[in-house]
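Here the protein sequences come in this chain order: A and B.
Residue numbers for the first sequence follow full-length UniProt numbering, beginning at 1 and rising by one.
Residue numbers for the second sequence follow full-length UniProt numbering, beginning at 1 and rising by one.
Don't read these hints as lab results, they were simulated from the structure.
Just so it is clear, CB atoms sit at the ideal spot from N, CA and C, and this is done for glycine as well.
Certain hints may be false.
Just so you have them, the derived chain B footprint on chain A, three or more residues with Cβ under 8 Å [what the hints assert, rightly or not]:
no., stretch
1, 22–33
2, 61–67
3, 114–120
4, 147–157
5, 160–166
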Amino acid sequence: MSARDEILAKVRSALDGVEPAYAVPPAPRVPDRGDLAALFVERVEDYRAVVTRCAAPDLAGVVAQVLDGARAVVPPGLDLDLPGAVTDDGFTAYELDRFDAVVTRARVGIAETGTIVLDHAPDQGRRAISLVPDLHVCIVDAGQVVADVPDAIALLDPARPLTWISGPSATSDIELDRVEGVHGPRTLHVVLVS
Amino acid sequence: MSGTFVGMPAFPTAAREALGDTQLRRNLAHATRTIRDKRAKVVAEVEEWEELRLAGAGVKEAALRDLATHLETLEDSLTRAGATVHWARDAEEACAIVASVTKAQGADEVVKVKSMATQEIGLNEALEADGIAAWETDLAELIVQLGEDLPSHILVPAIHRNRAEIREIFRRRMGAVGRPAPDGLSDEPAALAGAAREHLREKFLRAKVAVSGANFAVADTGTLVVVESEGNGRMCLTLPEVLISVVGIEKVVATWADLDPMLRLLPRSSTGERMNPYTSTWSGVTPGDGPQEVHVVLLDNGRTRALADDVGRQALRCIRCSACLNVCPVYERVGGHAYGSVYPGPIGAILNPLLNGVTDPQTASLPYASTLCGACFEVCPVRIDIPSVLVDQRAAVVDSHRDDRIPKPEAVAMKGAAWTFSSARRLARAEQASGLAGRVLGRFSRTTLPGGQAAAGRLPGPAAGWTSARDLPAPPAESFRAWWLRTNGGTDGGQDGGGS
Ligand code: SF4
Chain A
1 MSARDEILAK VRSALDGVEP AYAVPPAPRV PDRGDLAALF VERVEDYRAV
51 VTRCAAPDLA GVVAQVLDGA RAVVPPGLDL DLPGAVTDDG FTAYELDRFD
101 AVVTRARVGI AETGTIVLDH APDQGRRAIS LVPDLHVCIV DAGQVVADVP
151 DAIALLDPAR PLTWISGPSA TSDIELDRVE GVHGPRTLHV VLVS
Chain B
1 MSGTFVGMPA FPTAAREALG DTQLRRNLAH ATRTIRDKRA KVVAEVEEWE
51 ELRLAGAGVK EAALRDLATH LETLEDSLTR AGATVHWARD AEEACAIVAS
101 VTKAQGADEV VKVKSMATQE IGLNEALEAD GIAAWETDLA ELIVQLGEDL
151 PSHILVPAIH RNRAEIREIF RRRMGAVGRP APDGLSDEPA ALAGAAREHL
201 REKFLRAKVA VSGANFAVAD TGTLVVVESE GNGRMCLTLP EVLISVVGIE
251 KVVATWADLD PMLRLLPRSS TGERMNPYTS TWSGVTPGDG PQEVHVVLLD
301 NGRTRALADD VGRQALRCIR CSACLNVCPV YERVGGHAYG SVYPGPIGAI
351 LNPLLNGVTD PQTASLPYAS TLCGACFEVC PVRIDIPSVL VDQRAAVVDS
401 HRDDRIPKPE AVAMKGAAWT FSSARRLARA EQASGLAGRV LGRFSRTTLP
451 GGQAAAGRLP GPAAGWTSAR DLPAPPAESF RAWWLRTNGG TDGGQDGGGS
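This is chain A alone, in the form it adopts within the complex (with noise of 0.2 Å):
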């Protein structure tokens, strides 16, 4: 017998007997919580992220000045004007650790929970593009904030690739003591956009 063939055939002697069918009892959604992109700014601050509030048209000043000069790598469906950046055209890891940030947009953001989640669609890039540079500037409309986790999960398309982001890459594992910034970019600054 093969290993799958035996495997299953052991799972279904161990459950013998046991009634398959099984109600699930629904996850509790949170309250209202008011006002979601305010909460979705302290929450994504309390990670010691930067977050930075702008109306549209002043979009491309705000993310110029926040990359103030750093050598960022950009989506080729970004739409938006960045004299210097360079759109990312399928660069190997070595080219991307020469960049010094990054600039993305985002899929959905949770105001409960202070995440972004990128699906990583033309806006977004490849995941390697907002992962090896140290500066991840990542752009979220504020109509793309839900209250909380399940609002995402109903949003997102599980066949894409996703990245939920809550703050800078962290480590706890040194006397439980939180450091930001391991591996993945040590400075996300979010640009919540109204």
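We have chain A; now place chain B with the ligand onto it with these hints.
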């Protein structure tokens, strides 16, 4: 047998040794207190936490009860998404699959995301024997690997090490396997994390093959989920050309929507955060993004054994958050090594016997490594009733000795008790003897219990094991039956039973 450290002594021996290590006890007390407080704070923030736990337990229970169907669905969705699915009956098969995929790439090294399943199967050692270097990339795993040490906690495997010890390990060992630690490295956690970043970056950038586990595997979409903090997971899941994920068959959840309660429960229970810094999900191969060859190894290695146990089955709901370790009074004092397995603490005390059986003395000692205080059940995000499973496993240990040629002292004592209790005359005689012992102890004993009752100190013979760490209360000088007779059921006003 796997998932247990070879040659470990049984729990009581290992625990006694650990208790003598004051540095270890200080490190552990500090670390577990910190994480307990963090968890309590973020859990208190969720008013509906108990309902969320019920939902989380329900998602996992439902997946387990129809596991064969979900596994077939998972295999199907993964294959359609471009992944290659392998099945492994045991540790040896799983390791052989990982080695052969790696070798087919002509690679002699892999980068690894922290994964309990790969530790359980001893993958690093197996790959090394095959000439493949496996680099752990999680900071705590790196500390353990460089220190040639054993992990002692599910989430923070180097919890037993403090910053000064970590600095020493980095200074002495990093240079031998790659970029050395910088000169003048301090013991500030930020500096130590910085040294790990520099050391591992060259490995991430050049790696061709990565090995991961998965926190969840979604059957209907073929999605694997890795929850992490440092970004080492993202590096491994994104940069290499080939990704091999070793996934225990109990990691399955039925649907994409099932991730909701799980992703709300896990970070708060585990690191005490509203959400962990990074969660990656992927379904097979995405053209032009990330690994273009994706392998998934579905691992049994004792899980079907646990699944067949009607009481113990619930242990397979475990999402490895480690909350039960951090609240356990036994774990807090002895640390993880005493459990002799990659799964320490309360969950380890039930999971190891369930996966492996209680045939060896080390595993058979684990169900007793608990005070049954119930703190673990209270914090468990998927409501595993660990105390009940512990009691049930104790019964399994006793059962496994039923046919022994030389019975255990408890078995002899219990047989004797049954013989005594089954006859009124024999019982009365035993009570007289016990009352005499009580009067003697009451007069001469130097040990007293809180409340003033006299107690026996350390007894000789087979009872020594029981009394070496406990006080045995002195028996009352008069038994209940004797008192009843003497006082005509209490009606003669004979209140004083004497003795206690
Ligand atoms: S048994 Fe429960 S509390 Fe313990 S690690 Fe597993 S999920 Fe967490």
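Verification of the supplied hints:
no.	hint	verdict
1	22–33	holds (count 10)
2	61–67	violated (count 0)
3	114–120	holds (count 3)
4	147–157	holds (count 5)
5	160–166	holds (count 7)
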